[in-house]
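Participant: Read off the chains here:
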Amino acid sequence: SQKIEQNSEALNIQEGKTATLTCNYTNYSPAYLQWYRQDPGRGPVFLLLIRENEKEKRKERLKVTFDTTLKQSLFHITASQPADSATYLCAPNPYNQGGKLIFGQGTELSVKP
Amino acid sequence: DTEVTQTPKHLVMGMTNKKSLKCEQHMGHRAMYWYKQKAKKPPELMFVYSYEKLSINESVPSRFSPECPNSSLLNLHLHALQPEDSALYLCASSQDRGARTEAFFGQGTRLTVV
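Each protein sequence line maps, in turn, to chains W and R.
Residue numbering for the first sequence follows the working numbering, starting at 1 and increasing by one per position.
Residue numbering for the second sequence follows the working numbering, starting at 1001 and increasing by one per position.
So that you can see chain W by itself, here it is in the shape it has in the complex:
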């Protein structure tokens, strides 16, 4: 069956460092992969979308890579700030699943000053 795995352990890093979050998927080939940020008690907020034919995408301090051979996406936040502390969700979804947008379990990031 299809499976999405993100770092289950919370990630604690120092302000100014680069945070790297991992999203692995098995038993399917997503055509698109999205990353969202979620703060406690609030709805997820879209960050980036990358397509299967794209290796990398950037937006300000954010960078996403998509390796279809390894079945993995990496999400990087450079020059991290305490305000980046949140849970980050990946959503690798195949185009032909009839409209599903399904998330991994999320990784909690804590950036310490």
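No lab work stands behind these hints: they were computed from the structure.
Any given hint could be a false lead.
Cut-off 27 Å, straight-line C-alpha distance, at most; resulting in silico cross-link-like pairs (BS3-like, lysine-lysine) [claimed, not checked]:
| no. | chain 1 | residue 1 | chain 2 | residue 2 |
| --- | --- | --- | --- | --- |
| 1 | W | Lys100 | R | Lys1009 |
| 2 | R | Lys1040 | W | Lys112 |
| 3 | W | Lys71 | R | Lys1040 |
| 4 | R | Lys1040 | W | Lys17 |
| 5 | W | Lys17 | W | Lys71 |
Partial pick of chain R residues on the chain W-facing surface, computed with a CB cut under 7 Å [claimed, not checked]:
| no. | residue |
| --- | --- |
| 6 | Pro1042 |
| 7 | Pro1043 |
| 8 | Leu1045 |
| 9 | Leu1090 |
| 10 | Arg1100 |
| 11 | Glu1102 |
| 12 | Ala1103 |
| 13 | Phe1105 |
| 14 | Gly1106 |
| 15 | Gln1107 |
| 16 | Gly1108 |
A virtual CB, placed ideally from N, CA and C, is assigned to each residue, including glycine.
Fit chain R to the supplied structure of chain W, relying on the hints for placement.
Facilitator: Frame of chain W, contents of chain R only:
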């Protein structure tokens, strides 16, 4: 306007009550979603509407009944819920269904079943 508005923000209901959650968007999106989220878990997909028609029901119990009266509105009717149904219920919309375009989420309704 890039907002998805959910009402109410909080709801406490008894197991014999009937209540409804409401979701509204004015972005012209044709796909709308209901998710359920428990503490420390990711949002779990319940229903997908595409062009006002139910396209996906993720084997949700019949005590949850979705309705899409028009392209801007999505309701979730609740009846005879159980305490384990207590959760954050999130509504989302996207221009097209699935993962091709970004989804916009509302702030959720925090539901407590007593």
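Participant: If any of the earlier hints don't hold here, list their numbers in rising order.
Facilitator: The structure conflicts with no hint, since it agrees with every one listed earlier.
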